[in-house]
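Student: The primary structure of each chain is shown beneath.
Protein chains: 2
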Amino acid sequence: MLPFSSDGQAKKTANLHDLNEPLINHAEGQLFLNEAFQIIVEEVLCKGTDIKQKVCEWKEPEELAHLLDLQLRETGEPQCRLLERVRDVAKYSVKTSHPRFFNQQFGGVDYHALGGRFLTEALNTNLFTYEVAPVFVLMEKEVLRGLRQLVGWTEGDGIFCPGGSTSNMYAMNLARYRLFPEVKSQGLWRLPRLAIFTSPESHYSVQKGAAFMGIGTDNVILVKVDDGGHMSPEDLDEKIQFAKSQGLVPFHVSCTSGTTVQGAFDPLHHIADVCEKHKLWMHVDAAWGGSVLFSKQHRHLMKGVDRANSVAWNPHKMLVAGLQCSVLLLKDTTGLLKQCNSANATYLFQQDKFYDMNLDVGDKSVQCSRKVDCLKLWLMWKAVGSIGLAERVDKAFIHVRYLVEQMKKREGFHLLRDPEFVNVCFWFIPPDLRGKEGNADYWERLSKVAPVIKERMMKQGTMMVGYQPLGNKVNFFRVIVFSPLVTKKDTDFFLDEIERLGNDL
Amino acid sequence: MLPFSSDGQAKKTANLHDLNEPLINHAEGQLFLNEAFQIIVEEVLCKGTDIKQKVCEWKEPEELAHLLDLQLRETGEPQCRLLERVRDVAKYSVKTSHPRFFNQQFGGVDYHALGGRFLTEALNTNLFTYEVAPVFVLMEKEVLRGLRQLVGWTEGDGIFCPGGSTSNMYAMNLARYRLFPEVKSQGLWRLPRLAIFTSPESHYSVQKGAAFMGIGTDNVILVKVDDGGHMSPEDLDEKIQFAKSQGLVPFHVSCTSGTTVQGAFDPLHHIADVCEKHKLWMHVDAAWGGSVLFSKQHRHLMKGVDRANSVAWNPHKMLVAGLQCSVLLLKDTTGLLKQCNSANATYLFQQDKFYDMNLDVGDKSVQCSRKVDCLKLWLMWKAVGSIGLAERVDKAFIHVRYLVEQMKKREGFHLLRDPEFVNVCFWFIPPDLRGKEGNADYWERLSKVAPVIKERMMKQGTMMVGYQPLGNKVNFFRVIVFSPLVTKKDTDFFLDEIERLGNDL
Ligand SMILES: Cc1ncc(COP(=O)(O)O)c(C=O)c1O
Ligand SMILES: Cc1ncc(COP(=O)(O)O)c(C=O)c1O
Numbered sequence: 001m002l003p004f005s006s007d008g009q010a011k012k013t014a015n016l017h018d019l020n021e022p023l024i025n026h027a028e029g030q031l032f033l034n035e036a037f038q039i040i041v042e043e044v045l046c047k048g049t050d051i052k053q054k055v056c057e058w059k060e061p062e063e064l065a066h067l068l069d070l071q072l073r074e075t076g077e078p079q080c081r082l083l084e085r086v087r088d089v090a091k092y093s094v095k096t097s098h099p100r101f102f103n104q105q106f107g108g109v110d111y112h113a114l115g116g117r118f119l120t121e122a123l124n125t126n127l128f129t130y131e132v133a134p135v136f137v138l139m140e141k142e143v144l145r146g147l148r149q150l151v152g153w154t155e156g157d158g159i160f161c162p163g164g165s166t167s168n169m170y171a172m173n174l175a176r177y178r179l180f181p182e183v184k185s186q187g188l189w190r191l192p193r194l195a196i197f198t199s200p201e202s203h204y205s206v207q208k209g210a211a212f213m214g215i216g217t218d219n220v221i222l223v224k225v226d227d228g229g230h231m232s233p234e235d236l237d238e239k240i241q242f243a244k245s246q247g248l249v250p251f252h253v254s255c256t257s258g259t260t261v262q263g264a265f266d267p268l269h270h271i272a273d274v275c276e277k278h279k280l281w282m283h284v285d286a287a288w289g290g291s292v293l294f295s296k297q298h299r300h301l302m303k304g305v306d307r308a309n310s311v312a313w314n315p316h317k318m319l320v321a322g323l324q325c326s327v328l329l330l331k332d333t334t335g336l337l338k339q340c341n342s343a344n345a346t347y348l349f350q351q352d353k354f355y356d357m358n359l360d361v362g363d364k365s366v367q368c369s370r371k372v373d374c375l376k377l378w379l380m381w382k383a384v385g386s387i388g389l390a391e392r393v394d395k396a397f398i399h400v401r402y403l404v405e406q407m408k409k410r411e412g413f414h415l416l417r418d419p420e421f422v423n424v425c426f427w428f429i430p431p432d433l434r435g436k437e438g439n440a441d442y443w444e445r446l447s448k449v450a451p452v453i454k455e456r457m458m459k460q461g462t463m464m465v466g467y468q469p470l471g472n473k474v475n476f477f478r479v480i481v482f483s484p485l486v487t488k489k490d491t492d493f494f495l496d497e498i499e500r501l502g503n504d505l
Numbered sequence: 001m002l003p004f005s006s007d008g009q010a011k012k013t014a015n016l017h018d019l020n021e022p023l024i025n026h027a028e029g030q031l032f033l034n035e036a037f038q039i040i041v042e043e044v045l046c047k048g049t050d051i052k053q054k055v056c057e058w059k060e061p062e063e064l065a066h067l068l069d070l071q072l073r074e075t076g077e078p079q080c081r082l083l084e085r086v087r088d089v090a091k092y093s094v095k096t097s098h099p100r101f102f103n104q105q106f107g108g109v110d111y112h113a114l115g116g117r118f119l120t121e122a123l124n125t126n127l128f129t130y131e132v133a134p135v136f137v138l139m140e141k142e143v144l145r146g147l148r149q150l151v152g153w154t155e156g157d158g159i160f161c162p163g164g165s166t167s168n169m170y171a172m173n174l175a176r177y178r179l180f181p182e183v184k185s186q187g188l189w190r191l192p193r194l195a196i197f198t199s200p201e202s203h204y205s206v207q208k209g210a211a212f213m214g215i216g217t218d219n220v221i222l223v224k225v226d227d228g229g230h231m232s233p234e235d236l237d238e239k240i241q242f243a244k245s246q247g248l249v250p251f252h253v254s255c256t257s258g259t260t261v262q263g264a265f266d267p268l269h270h271i272a273d274v275c276e277k278h279k280l281w282m283h284v285d286a287a288w289g290g291s292v293l294f295s296k297q298h299r300h301l302m303k304g305v306d307r308a309n310s311v312a313w314n315p316h317k318m319l320v321a322g323l324q325c326s327v328l329l330l331k332d333t334t335g336l337l338k339q340c341n342s343a344n345a346t347y348l349f350q351q352d353k354f355y356d357m358n359l360d361v362g363d364k365s366v367q368c369s370r371k372v373d374c375l376k377l378w379l380m381w382k383a384v385g386s387i388g389l390a391e392r393v394d395k396a397f398i399h400v401r402y403l404v405e406q407m408k409k410r411e412g413f414h415l416l417r418d419p420e421f422v423n424v425c426f427w428f429i430p431p432d433l434r435g436k437e438g439n440a441d442y443w444e445r446l447s448k449v450a451p452v453i454k455e456r457m458m459k460q461g462t463m464m465v466g467y468q469p470l471g472n473k474v475n476f477f478r479v480i481v482f483s484p485l486v487t488k489k490d491t492d493f494f495l496d497e498i499e500r501l502g503n504d505l
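Quick note, the sequences are listed as chains A and B, same order. Note that the numbering used here gives residue 307 to position 307 of the first sequence, counting from 1, and the numbers run on in steps of one. Note that the numbering used here gives residue 163 to position 163 of the second sequence, counting from 1, and the numbers run on in steps of one.
Which copy is meant is left open, so a pair is good if it fits within one copy or across any two.
Straight line, CA to CA, 25 Å or less: simulated SDA-like cross-link-like pairs of lysine to any residue:
(1) K279 x P267
(2) K59 x E455
(3) K448 x G435
(4) K459 x Q53
(5) K47 x E21
(6) K353 x S447
(7) K408 x R500
(8) K303 x R73
(9) K54 x I39
(10) K459 x L359
(11) K448 x T346
(12) K473 x R417
No wet-lab data here; the hints were simulated from the structure.
Let's have the full structure, built from the sequences with the hints guiding it.
Tutor: Following this line, the structure appears as structure tokens:
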């Protein structure tokens, strides 16, 4: 067979049987990577954070699919074409690091975290054994320790999970297992009907978790909230007693520190009293709000958190560690997590290893492969220290205070309430609707304002912010200010832009 | 207050209240990132794949913790110190891309995939809505379509999950929901006891999933396997009938294409017959073996896969896409996945959006934040085409054939059986033990050989390979050959090195 045959098949076969040749060319590959890196810096990190550039380049799905030429084919493409693809993906993606991306609970960029993420990707290992992840087994432990310390626990346990929803599920599973260890082998059939308590403003992952874990969403009992969205400890107590009287077995209370929409912090101390009284597992979903623990000034919002059994916290949100970075922290010191989740697979967790098998943390997880999510947080923390992280939290509150002051000075902005956290919920009232609260169609008309402003903003690409209804409140905007890239210019722009986009409605 | 005060506190306060200044300095940050990138290329990609360098630099945990100085402090560190940290993390981490890392079902490096991973990290978005991930919503769909096509399905559904264990759990949840949709709201209490069927050689995630989802590990019924580790369809049929006679309700069969240890492919056609007869959900865990579907020559191993209801497949394993990259593929066209998992959160999945809400795929997931795992696979696939991916699979089989031939020529290597896939399971019999199979302590002594060789190999850092017992078989090595970086030199070295490390035992 000719090695340089123009016939693909022949060349292929020749290649494959030459076992002296690897299939990857390092020099070529590194050239590509280097050029891709330059494009990333230019498109995503420079242009993508430049306020003179758009936050998003809106395209209709059909057009975008066409532009990207997504189809996967039999044959490969040359490097230059692939580099164009890197550029296109960057170009048409939303710039979540842009200072005017206010859409979500993540955003911004921290270069040390990003460096950690690149290193994580290059090292491509798996957090299950010390054998394959010596550095990261130790590092995860240290980061968990550091975070637990902020909660107020000198001892305990924990694990990084692929997101806060998963962390919340782990907590439910642990609560259930603590009460009924036989659930692991026997399932739920022999057990009484179990009940979870949470507020209607808690994150939807509590519902998803209950469904996934065989508990059922009907058995998630919603506790009343006050106007600010805080769970009522009195109602919690009553609902628990009522559930018991109906033959249910309460086992888990999921409170929230920083609710998704309003940013409310449930009163943890009072809830802890109720949980103690009924001997229930107290979980704090601090996926969003947990970062206040860094701040001397604001950590009072989570007073009582040390009385919880578990805390979920997403450094990928307010701390800008980058997706995914979420932890479950546990007060437990009895090894509950491992007992609950272990399967003792002998191919991975051999019992005759030459090092301490407690370092093989993977069996604490319900995953097998588990991505290394600690390095980015560790490196960022090393770079700015606890003080630097506290400053970011404090500064976010200062920005929010400024934004709220400005809103109050402008006619069209109507706050749902003074914010407790960095979520600012407001209606924009277009001039035509002002002073017409009494009209029969007022709320109906107001509910249509946010979607139209949103559509215009997306199509022009100037900024991004989300809206939603909540309970009996019609569509309102939720602007979240926390990115370390934001300046006054951006919050001022935000207000001007909402007016520009909505004044004619 | 003096802006350049040497008093940290004063400077801090001044800074924080100046809302014109962002907390991140782009120029400094990008300088750091650039230098970190150079270190990554040098340490991880050049040295880390160089056979003259070690696969791992073994340190005892205490020493390593000390070397890394992991502790998190109040104050930050200068850039140069942080760059040293990047180098240290790289230095003491296992080089999973090294051609002599045979330890796991992942390894190797593909530069296009890695470029895609860096881009994913920089773009830092979330696969829940078209709004924040327009490119990736469309791309995920296309990649899922491409993978489904290889299964033999022109239609269907699917989702990227954080690992094969999660994909397997999703399949169980769907099977349960299809049979009893009320499980989502009511939980398992009103339902009969449900039973899952799998082989004892299936991955432990089936057990973990059953525990997590409230089904219980006792209700995972193990079906007999033959010597090669293939599930027996006859025994499956019998076990299902027996379970029914005991009042259990079988609902899910989890077969494996490429078992973790032996690499066995369950006979899908025959199992499909049994599943059809009993109307059970047939799931194929092809996390490990799925990649054979790219190969015209080897795809017969999964004949019948198109008759399954769902397939889990991890491109982060054999295809070298990088962790994490795992999909669940579904034949269903009725929207079961979304019905089963949706919570319709109005803050995220608004119903009055200006674009087609079916593009907001996030509600199909039990996660909320969901990492973008499709880009790396898409870019790699674009780079080498389906033909290139098929070649990698074919070449892996050729390497394995060569390795097995060489083993048969050497006295000390005793195969458990001829491999069906790229897992080669063997005992190394040191000279002292050869021909002594009849001795009473033979197996006992043999069981101690692999752990000692392993310890020596780790401490010298020359290569990595795993061992385990299985059923009544004492500790044996499982060497997996699939990395596109491997050459004959590496497989030859592997054999020599095992002999060198074990000849005196
Ligand atoms: C309060 C709260 N809990 C949990 C979550 C879920 O976290 P994740 O998106 O990482 O699953 C969120 C995310 O929006 C949240 O706001
Ligand atoms: C056959 C099989 N299924 C499932 C898994 C689990 O996949 P993951 O590690 O991505 O959770 C593995 C991983 O080793 C496997 O070998």
